[in-house]
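S.K.: Sequence:
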Amino acid sequence: SAAHQLERIQIKMHVFPSLLRGGRVTIALALLAAAPSGAALRSARLARTWLAATAVGSAPDVACAAPPELSNADLCKLFGRLADKVVLMDESSGACCHSGCDGCPYRYSFDVLEAVAPKWLCTYVTKTIAGREHTPRLISTAFGDAKQVSRADFAQRVARAAYELPIGPALPAAERIALKNAPELSEDVASTLFTALAGDAAKSTLSTVAVAKRLREWSQGKDGLMYDDFCAAFRAALTANTAKEA
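For the sequence shown, my numbering gives the first residue as 1, with consecutive numbering after it.
Warning: the hint list may mix true and false statements.
[To be verified] Straight-line alpha carbon distances no greater than 25 angstroms define the calculated SDA-like cross-link-like pairs of lysine to any residue that follow:
1. 85 / 217
2. 213 / 228
3. 222 / 111
4. 147 / 205
[Said to hold, decoys possible] Distance ranges between label pairs, derived from CB positions:
5. 180 / 100: 29 to 39 angstroms
6. 202 / 162: 40 to 50 angstroms
7. 202 / 114: 24 to 34 angstroms
8. 130 / 175: 37 to 47 angstroms
9. 178 / 140: 24 to 34 angstroms
10. 103 / 200: 41 to 51 angstroms
11. 113 / 182: 22 to 32 angstroms
12. 104 / 172: 21 to 31 angstroms
13. 99 / 242: 44 to 54 angstroms
No lab work stands behind these hints: they were computed from the structure.
Just so we're clear, the structure is a prediction, and the values are computed from it rather than from any experiment.
In this text, a Cβ means the ideal position worked out from N, Cα and C, and glycines have one as well.
Can you build the whole structure from these sequences, using the hints too?
M.R.: What follows is the structure, given as structure tokens:
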């Protein structure tokens with residue numbers, strides 16, 4: 001009946017997030033599909049009890065383990081603190097006129113790209129082209145003049161960094177407006193980025209070289225990582241870490 005369908009939807013809304021956080025995605029889907037409806041499950045509390053009882057002895061599906069919760073807003077706040085408006089690319093094309101000349105080997109190659117708002121997470125420690133030197137915001141913000149940083153310092157510096165709404169996030173209008181005005185970022189979220197870059201939740205220090213290497217892996221060898229690719233790589237890295245720790 002319509003009442004029973006509504007009841008099942010309400011139960012799913014209550015129990016599914018808790019199972020998702022525990023990494024039991026496959027178990028959750030199977031249980032929700034088979035869950036009885038009606039008087040036996042008239043409250044979310046009873047639903048949780050039923051699911052817990054039927055899931056006893058079931059091993060978590062490691063391959064589907066959920067990474068630490070990161071909202072789109074969290075990712076936007078991170079990217080807006082660390083991304084650059086400029087990325088230095090192919091040094092060999094520095095003398096090119098970029099007029100699309102026939103036969104030019106640098107016709108589709110650029111030495112520098114620029115944007116009006118933060119757009120790229122640069123994948124180098126520092127770079128110089130035609131006398132123009134660039135140190136990415138992530139490096140200057142998190143490390144300053146040092147070559148290594150502790151987890152605590154990294155989290156604190158990133159959380160306190162200046163923010164600007166970046167290019168890339170597809171957000172609802174209301175959320176986009178809210179994220180224009182220097183939204184706060186928790187140190188926990190910044191620490192999660194440290195973990196993803198370090199590749200190990202147990203690591204307490206991180207080097208500039210390790211950061212650049214990791215970001216270059218995420219970008220598949222490119223000099224700049226744009227928002228969507230950053231989000232996908234970041235979440236994939238956290239999922240891999242979760243599976244490794246299980």
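S.K.: Which of the listed hints are broken here?
M.R.: Hint check: 6, 7, 12 fail, others pass.
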